[in-house]
Amino acid sequence: MSIYSPAQDWFKAPSGGERAWIGLALLWCVVLTLAMPYWHFKGKQNSTGESYAVEPMKFMERVDRFVQTNKVGEEMGTAVVEPSPGGDAYLQAQMWRWSPILKLRKGQTYRLHISSLDLQHGFSLQPVNMNFQVLPGYDHVLTVTPTEAGEYHIICNEYCGIGHHTMTGKIIVDE
Amino acid sequence: MTTGTIDIGLAPGDASRGAAAPQKPAGNHPAGALRTCDTTGLPVCLVAQQFIKLHAVVAVVFLLVGGIAAILLALTRWPAVHLLPAEWYYRILTLHGLNMLIFWILFFEVAILYFASTSLLNSRLASKGVAWAGFALMLVGALMVDVTILQGKADVLMTSYVPLRGDPLFYLGIILVAVGTLTGVFNFFATLWIAKRDRTYEGSMPLVTFGALAAGIIATVTLLHGAIVAIPTFLWSLDLMHQPDAAWYRLVWWGLGHQSQQVNVTAMVSVWYFLATITTGAKPLNQAVCRGAFVLYILFINLASAHHLLVDPGVNAGWKIWNTSYAMYLAVLASMIHGFTVPASVEVAMRKKGFTKGLFGWLAAAPWKNPGFSAFFLSLAIFGFIGGITGVTLGTEQINIIAHNTLRIPGHFHATVVGGTTLAFMGLTYYVVPLIFQREYRARAVARLQPYIFAAGIVLMSMGMSFAGSYGVPRRHWDIEFTGAQFSHGFDPGAHVMLGLLGLGGTLAFVGLLTFILLTVTAVFFGPSNKGRAMTAW
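Keeping their order, the protein sequence lines are chains G and H.
Every number in our numbering is 130 more than the matching position in the first sequence, counting from 1.
Every number in our numbering is 48 more than the matching position in the second sequence, counting from 1.
Don't take each hint at face value.
As the list claims (entries may be wrong) - A few chain G positions that, by computed beta-carbon distances, are all more than 12 Å from chain H: (1) E180; (2) M187; (3) M190; (4) V193; (5) D194; (6) V202; (7) P215; (8) D218; (9) P276; (10) A279; (11) V303.
Unchecked claim - Calculated cross-link-like contacts (lysine-lysine; reagent style BS3-like; alpha-carbon spacing at most 30 Å): (12) K401/H <-> K142/G; (13) K142/G <-> K244/H; (14) K331/H <-> K142/G; (15) K400/H <-> K142/G.
Keep in mind the hints are simulated off the structure, nothing from the lab.
No residue lacks a Cβ here, since even glycine has one placed at the ideal position from N, Cα and C.
Could you put the whole structure together from the sequences, leaning on the hints where they help?
Below, the structure is given as structure tokens:
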């Protein structure tokens with residue numbers, strides 16, 4: 131009875147089906163425990179959490195420099211920027227826009243620096259649906275290699291105030 | 049099931065009655081502060097009974113507030129309806145999270161702790177004054193939070209991630225609720241201590257009390273995290289301190305945010321054991337296994353909170369993998385064990401009664417018309433098969449990348465906390481009202497149906513959320529049409545179908561919730577009294 135004190139000799143090993151179930155469950159847990167680090171090395175998409183402390187104002191300066199050096203156009207008032215293949219790319223999150231628009235090349239690897247100037251934001255790349263947290267004070271570095279050409283949207287999926295749903299951006303991947 | 053009393057599977061004078069049997073040790077109750085339950089034979093401390101009633105009533109009031117918020121949100125996320133304006137959507141979302149996840153559940157849990165430490169141990173409640181203090185702090189804090197939110201001074205959502213900033217009263221309210229709950233938990237620990245000191249029971253404490261103790265320990269650790277994160281944030285909101293670091297805030301906040309859900313899991317599992325016993329006479333197969341599983345919860349669940357930071361900057365991959373692999377799976381193991389032992393104990397009890405036909409004859413013959421049983425068993429199934437499986441999946445490093453902050457996350461936790469914990473607590477309420485309030489339910493046919501309506505609604509809603517999330521639809525987002533945005537993004541049409549399912553499921557669940565509240569309030573205030581006799585069997 132679960133509502134009364136148990137008999138004095140309650141402390142004993144499980145037996146029968148219960149024992150078998152615990153064995154199976156434990157085995158499954160061990161498999162899962164090993165699978166996670168295994169996939170970290172074997173899988174191609176991981177969140178390494180690589181990041182560096184950065185003052186929001188300093189980050190903004192870096193983004194400005196990056197835009198001035200690599201700007202190739204403008205779309206609806208937002209700079210379109212093409213970083214050098216294999217180089218650093220910057221993306222700035224602020225209430226309520228992602229900037230600049232990045233133009234990347236398929237098959238090239240970039241170090242994408244993302245940070246916020248104000249609140250926490252959520253980098254959500256659609257329609258591939260990849261999501262990363264963006265924090266003020268942290269330069270979050272994602273090493274990315276686009277595998278398909280096309281136009282991708284960035285939406286914000288961390289609540290950042292009344293205009294949260296209007297916070298969108300764009301990444302263009304060329305062949 | 050038609051014996052005229054509730055079925056706790058005991059013959060009169062059954063040797064396993066333990067603490068409740070008359071020849072066992074006397075309790076420590078002062079004269080006139082004790083009654084014996086006419087149905088279960090359990091001793092009821094009248095002081096504890098008063099506080100169980102108080103906490104339960106307030107819990108249900110907050111459930112109603114959270115429920116009204118819930119239907120408004122479901123009708124806003126359903127794109128065809130899109131009810132609330134943006135400002136009110138986030139405001140009501142803040143209200144919903146805090147009233148449902150925190151206030152309804154914490155008030156109910158304190159009631160469970162008071163019951164498990166008094167009736168099951170044949171003890172008096174340690175202190176009436178401390179119980180009043182804890183209750184008052186919780187109530188004042190919760191009202192402060194709700195009023196501040198509705199005034200529009202804290203549109204920061206439940207997580208209030210810094211640098212989002214709410215009114216100081218919002219943070220102060222949360223601190224008061226945490227301190228009040230800790231006070232109640234302390235009163236529970238003190239009651240365990242005086243019961244042991246006064247030898248009110250022999251041998252080890254009952255399993256349900258042990259589970260409640262595990263919940264109490266996890267709650268203490270949880271609420272300390274809450275204090276560590278809420279006090280600096282409160283001081284910052286008053287400009288008395290610099291702004292807390294965003295990553296630090298997330299790390300410590302989730303020590304509160306996720307662990308508090310583990311308090312719910314632990315309390316819910318204790319309620320499963322209780323309802324299994326009281327509705328079918330089930331006995332745990334092996335006490336050491338059940339208790340060991342509770343210990344696993346205490347040891348490992350805090351580290352597993354790290355899965356909220358799987359796509360965060362500031363913490364490295366080694367830290368993420370370590371905490372979410374071995375640690376989380378050891379906590380998962382505990383749930384896998386309870387997921388076996390609870391239904392197995394019901395099976396054994398049913399087979400003993402002669403329901404031995406086939407593999408599942410025992411299950412078919414279970415008391416499905418008893419809302420205490422159906423709520424308990426549906427809770428077990430929804431928690432295990434939907435909540436548990438989605439939870440383990442989402443807590444994987446790579447999968448979290450495609451799930452973080454999408455609707456898959458609320459799809460998961462509505463299956464654990466609502467389909468699991470809230471439904472189990474509803475099942476328990478179908479016994480709390482007749483046994484503690486000593487009032488009978490009216491409209492019993494409706495009550496028999498209620499757990500099914502609620503469960504069906506939650507399952508549909510949870511599925512709608514999860515599948516919409518798989519298309520990338522974000523959680524906590526007012527408008528997936530991105531009206532007024534620089535670049536508009538369109539989701540797959542399938543996502544809209546799933547959001548419609550969310551709306552329909554949410555509406556059905558709301559009907560189930562409202563039915564539960566109406567039935568319960570009617571029973572508590574206008575139900576026929578059953579004083580002096582056993583409760584009418586379900």
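- Query: Can we trust that M187/G is non-interface, i.e. its beta-carbon lies farther than 12 Å from all of chain H?
  - Reply: Label holds. Min Cβ-Cβ 14 Å, cutoff 12 Å.
- Restraint check for K401/H with K142/G, where alpha carbons must lie at most 30 Å apart: 26 Å, holds
- Query: Per the stated criterion, does the least C-beta distance between P276/G and chain H lie above 12 Å, as a non-interface residue requires?
  - Reply: Consistent with the label, P276/G stays out of reach of chain H, its closest Cβ about 16 Å off (over 12 Å).
- Item | Pair hint K400/H and K142/G, alpha-carbon separation not exceeding 30 Å | 23 Å, holds
- Beyond 12 Å from every Cβ of chain H: is that where the Cβ of A279/G lies? A279/G clear of chain H: closest Cβ-Cβ about 18 Å, beyond 12 Å.
- Message: Holds or violated: K331/H and K142/G, Cα atoms, limit 30 Å.
- Response: Cα-Cα ~15 Å, so holds.
- Is the nearest Cβ of chain H still more than 12 Å from the Cβ of P215/G? Answer for P215/G: holds, closest chain H Cβ roughly 24 Å.
- Query: Far enough from chain H: is every CB of that chain over 12 Å from the CB of D194/G?
  - Reply: Holds: least Cβ distance 19 Å, greater than 12 Å.
- Any Cβ of chain H at or closer than 12 Å to V303/G, or is the non-interface label fine? Holds: least Cβ distance 15 Å, greater than 12 Å.
- Item | Status of the stated non-contact between E180/G and chain H (beta carbon gap over 12 Å) | With a cut-off of 12 Å, E180/G comes too close to chain H, as the shortest Cβ separation is near 8 Å.
- Distance rule for V202/G, whose beta carbon must clear each one in chain H by more than 12 Å: 18 Å, holds
- Query: Beyond 12 Å from every Cβ of chain H: is that where the Cβ of M190/G lies?
  - Reply: M190/G is indeed farther than 12 Å from all Cβ atoms of chain H, at 16 Å.
Violated hints amount to a single one, hint 1; each of the other numbered hints is respected by the structure.
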